[in-house]
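> Please work from the sequences and hints to get the whole structure.
Protein chains: 2
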Amino acid sequence: MSGERFRVTYHICGDESSAFEKAKDICLEQTVEISDELVPDGPIRDWILGQIEHFAPVRDGVFQAQISYAAETSAFELPQLLNVIFGNTSIKAGIRVENLEFGQELLGKFSGPRFGIQGLRKVLGVHEKPLICSALKPMGQSPQEFADNAYAFAVGGIDIIKDDHGLTDQSFCPYNERVEACAEAVDRANRVTGKNCLYFPNVTAPVQEIFTRARFAQDVGAGGFLINPGLTGFDAMRALAADDALNLPIMSHPALLGSMVTSSKNGFAHAVLFGQLQRLAGADASVYPNYGGRFGFTREECASISQSCRMPMGSYPPIFPSPGGGMTMEKVTDMLTVYGNDVLFLMGGGLYGHSPDLTANTRYFLSLIGRKD
Amino acid sequence: MSGERFRVTYHICGDESSAFEKAKDICLEQTVEISDELVPDGPIRDWILGQIEHFAPVRDGVFQAQISYAAETSAFELPQLLNVIFGNTSIKAGIRVENLEFGQELLGKFSGPRFGIQGLRKVLGVHEKPLICSALKPMGQSPQEFADNAYAFAVGGIDIIKDDHGLTDQSFCPYNERVEACAEAVDRANRVTGKNCLYFPNVTAPVQEIFTRARFAQDVGAGGFLINPGLTGFDAMRALAADDALNLPIMSHPALLGSMVTSSKNGFAHAVLFGQLQRLAGADASVYPNYGGRFGFTREECASISQSCRMPMGSYPPIFPSPGGGMTMEKVTDMLTVYGNDVLFLMGGGLYGHSPDLTANTRYFLSLIGRKD
Chain A
1 MSGERFRVTY
11 HICGDESSAF
21 EKAKDICLEQ
31 TVEISDELVP
41 DGPIRDWILG
51 QIEHFAPVRD
61 GVFQAQISYA
71 AETSAFELPQ
81 LLNVIFGNTS
91 IKAGIRVENL
101 EFGQELLGKF
111 SGPRFGIQGL
121 RKVLGVHEKP
131 LICSALKPMG
141 QSPQEFADNA
151 YAFAVGGIDI
161 IKDDHGLTDQ
171 SFCPYNERVE
181 ACAEAVDRAN
191 RVTGKNCLYF
201 PNVTAPVQEI
211 FTRARFAQDV
221 GAGGFLINPG
231 LTGFDAMRAL
241 AADDALNLPI
251 MSHPALLGSM
261 VTSSKNGFAH
271 AVLFGQLQRL
281 AGADASVYPN
291 YGGRFGFTRE
301 ECASISQSCR
311 MPMGSYPPIF
321 PSPGGGMTME
331 KVTDMLTVYG
341 NDVLFLMGGG
351 LYGHSPDLTA
361 NTRYFLSLIG
371 RKD
Chain B
1 MSGERFRVTY
11 HICGDESSAF
21 EKAKDICLEQ
31 TVEISDELVP
41 DGPIRDWILG
51 QIEHFAPVRD
61 GVFQAQISYA
71 AETSAFELPQ
81 LLNVIFGNTS
91 IKAGIRVENL
101 EFGQELLGKF
111 SGPRFGIQGL
121 RKVLGVHEKP
131 LICSALKPMG
141 QSPQEFADNA
151 YAFAVGGIDI
161 IKDDHGLTDQ
171 SFCPYNERVE
181 ACAEAVDRAN
191 RVTGKNCLYF
201 PNVTAPVQEI
211 FTRARFAQDV
221 GAGGFLINPG
231 LTGFDAMRAL
241 AADDALNLPI
251 MSHPALLGSM
261 VTSSKNGFAH
271 AVLFGQLQRL
281 AGADASVYPN
291 YGGRFGFTRE
301 ECASISQSCR
311 MPMGSYPPIF
321 PSPGGGMTME
331 KVTDMLTVYG
341 NDVLFLMGGG
351 LYGHSPDLTA
361 NTRYFLSLIG
371 RKD
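Line by line, the protein sequences give chains A and B.
Okay, so the first sequence: first residue is 1 according to our numbering, each after it adds one.
Okay, so the second sequence: first residue is 1 according to our numbering, each after it adds one.
These aren't lab readings, by the way, just hints derived from the structure by calculation.
Treat the hints loosely; a few may be bogus.
Stated by the list, open to error - Simulated coverage check for chain A against chain B, where a stretch passes if three residues somewhere in it have a Cβ under 8 Å from a Cβ of chain B:
1. 73 to 82
2. 170 to 178
3. 342 to 352
Said to hold, decoys possible - The following residues of chain A were derived to be distant from chain B, with all beta-carbon distances above 10 Å:
4. E33
5. K92
6. V126
7. D164
8. Q218
9. N228
10. A245
Claimed, not checked - Pairs of lysine to aspartate or glutamate residues, derived as EDC-like cross-links and limited to a Cα-Cα distance of at most 16 Å, are as follows:
11. B:K92 with B:E4
12. B:K265 with B:E301
13. A:K92 with B:D342
14. A:K129 with A:D342
15. B:K122 with B:D342
16. B:K92 with A:E301
Quick reminder that beta carbons are idealized off the backbone N, C-alpha and C, glycines included.
What follows is the structure, encoded as structure tokens:
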């Protein structure tokens with residue numbers, strides 16, 4: 001038993017000796033799940049057991065432990081990889097996952113993002129400046145009403161229109177009807193504008209339905225997929241991204257993932273959950289709440305996500321950070337400072353509320369970010 | 001647009017007026033996701049929008065809001081139902097899901113637990129007293145070593161032997177080899193004891209593999225399935241429970257779900273996450289960390305889970321609470337007080353550490369809980 005190891009950095013609350021004891025517990029808990037005296041000598045102790053590679057203070061009462069695990073313990077399967085990273089330890093207060101470092105062997109077992117920033121820009125034909133996206137809402141409208149909204153946004157020059165993340169297959173707006181109508185409307189608008197706006201229907205669904213819906217969407221001309229990995233499991237997104245019969249970009253939505261980041265003492269760092277794990281699981285754009293909106297993410301947390309979406313990660317392409325909400329005219333300059341040009345702004349309610357004319361609202365917002373295409 | 005509504009009770013931190021504002025925000029956020037002034041009059045406002053049914057103080061700085069949603073907004077799909085309950089609101093600090101109340105229509109759309117307490121007791125032939133279960137560990141052993149352990153436990157009279165939740169399909173212990181060897185060993189032991197010990201392999205896997213592994217397990221004589229819904233998504237467990245080609249009981253493990261309960265101000269109440277949602281998603285036994293063990297759940301939290309596993313819930317049967325760890329001779333009396341007889345005790349490291357003889361350890365533990373079968 002030998003081979004590559006991957007590294008997880010945890011922040012652990014406590015004084016130095018108790019934090020170090022917790023780090024030793026993590027090594028056991030995440031692998032053999034028995035007490036140290038029962039661990040057999042030989043490969044189980046030397047290779048399977050987690051190993052503390054580094055231990056140091058971070059700030060008063062918080063220490064960081066970098067622990068390495070044999071890549072093979074993950075079976076190179078995403079659910080089990082998440083389990084080795086944080087499965088049982090998630091149930092312990094005062095321990096948070098701060099960073100992941102994967103080697104080439106492990107990263108090579110997952111296909112990663114298919115498009116990334118450059119791939120998505122190429123499909124859209126927008127090679128500079130930020131991209132913008134809006135969502136079809138409110139739930140309760142008919143497929144035709146959503147299609148009319150999609151047409152208005154697309155004629156205004158928006159890059160991507162996605163389903164609101166709660167639109168699935170409600171009887172008052174069936175999936176197939178909605179997706180077909182909206183894909184047709186966006187196609188019609190593209191013939192007017194000469195652009196290539198993309199429609200991303202929500203394929204979040206019961207496990208056996210996800211792929212059926214994705215294939216239907218691709219067949220009727222959708223331009224990508226929206227999925228909520230917190231609702232379906234991250235592996236469903238990975239499988240979508242890895243499916244050779246499906247060849248469309250993926251946007252990931254954070255629904256139900258909030259409890260994993262709202263505490264500074266448990267869960268995942270924002271950059272891990274909305275950056276590293278999204279790329280590992282094949283997202284081309286990662287939606288998260290923008291700072292200054294109705295959720296509580298700070299400017300620094302948002303900047304860390306943005307950085308994590310774009311930092312080197314094996315042969316994976318960088319992906320679009322997609323901050324949602326909280327965007328006002330006054331904040332555009334600061335947001336461009338934080339995010340730069342490689343960002344996909346998600347404007348939901350803001351684009352609906354500015355005026356009743358969705359096309360004019362879209363054009364106004366494009367002008368705010370310097371887009372004159 | 002009309003029909004049944006379901007009710008979610010949230011605990012909201014804040015003073016009375018801010019908590020009430022947050023409750024109104026939840027009604028919007030979980031359904032239409034636009035600001036109130038943009039909500040159209042008519043069925044979207046009257047039916048789709050969440051409605052505050054009840055608002056009252058709980059304790060200093062915490063208020064409870066019971067909010068109802070049209071069942072149809074869930075599309076009667078589990079991922080979307082979870083989204084309506086807590087999707088975006090999970091990202092807001094200071095809001096926790098405390099209780100769920102579903103009507104007959106919604107519950108009837110999910111098949112629920114197939115076996116429950118009575119069904120599992122019937123298969124095992126153990127009609128009174130608590131059940132006991134152990135786990136195959138540590139990771140790193142070979143299929144044959146695990147099979148030998150399984151045999152030793154089964155000969156000792158244990159009720160259920162499960163894979164440790166981190167055993168999947170590692171190259172050093174391939175799934176098919178392990179499952180076939182352990183199922184055979186338990187069958188051989190049953191012929192010695194005349195009992196019907198069940199082996200539950202871990203079917204946590206990439207999304208397309210879950211059902212392949214479950215079918216294989218059933219074909220080679222496994223007695224049930226272990227799955228980690230925090231790793232696979234809850235819907236994968238629901239689909240296992242609903243699959244007519246699979247007819248074995250399901251044990252659910254809490255890996256990666258910890259961050260959803262470690263804060264008293266966000267996430268889910270223990271009774272919701274480890275009781276109500278497990279039953280909705282078809283678990284026959286719900287594993288969670290016992291009080292007094294190496295995790296931080298309190299006696300009261302554990303009692304609330306146990307109660308939630310067994311309280312009336314439509315036509316669903318009660319299921320086994322399965323507290324893991326923290327069991328010592330001194331605590332048995334108190335644990336029987338908390339849990340009663342309808343409990344499935346999960347003894348992992350404890351059964352390995354008591355002495356090197358797993359068969360003797362099992363018999364000793366059975367005697368502790370008054371089992372003389």
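> Tell me whether the statement that chain B covers the segment 73 to 82 of chain A is true, taking a Cβ distance below 8 Å and needing three residues at minimum.
holds (count 7)
> For a C-alpha distance cap of 16 Å, please report whether B:K265 and B:E301 respect it.
holds, 15 Å
> Counting residues of the segment 170 to 178 of chain A that have a beta-carbon nearer than 8 Å to any beta-carbon of chain B, does the count reach 3?
Three-residue rule met by the segment 170 to 178 of chain A, so holds; n is 3.
> Verify that the Cβ of A:Q218 lies farther than 10 Å from every Cβ atom of chain B, and report whether the claim holds or is violated.
Correct as stated: the minimum Cβ-Cβ distance to chain B is 18 Å, above 10 Å.
> Does the claim that A:A245 lies off the interface hold, with its Cβ farther than 10 Å from every Cβ of chain B?
Correct as stated: the minimum Cβ-Cβ distance to chain B is 13 Å, above 10 Å.
> Are all beta-carbon distances from A:K92 to chain B longer than 10 Å?
violated, 6 Å
> Take a quick look at whether B:K92 and A:E301 sit within 16 Å of each other, Cα to Cα.
holds, 15 Å
> For the pair supplied as a hint, B:K122 and B:D342, confirm whether the alpha-carbon distance does not exceed 16 Å.
Cα-Cα ~13 Å, so holds.
> For the pair supplied as a hint, B:K92 and B:E4, is the alpha-carbon distance within the 16 Å limit?
Violated, at roughly 27 Å.
> Beyond 10 Å on every Cβ pair: is that true for A:N228 relative to chain B?
violated, 7 Å
> Does A:V126 clear chain B by more than 10 Å, comparing its Cβ with all Cβ atoms of that chain?
At roughly 26 Å from the nearest Cβ of chain B, A:V126 sits farther out than 10 Å, so the non-interface label holds.
> Would you assess whether A:D164, listed as outside the interface, keeps its beta-carbon beyond 10 Å of every beta-carbon in chain B?
violated, 6 Å
The structure shown violates the earlier hints numbered 4, 5, 7, 9, 11 and 13.
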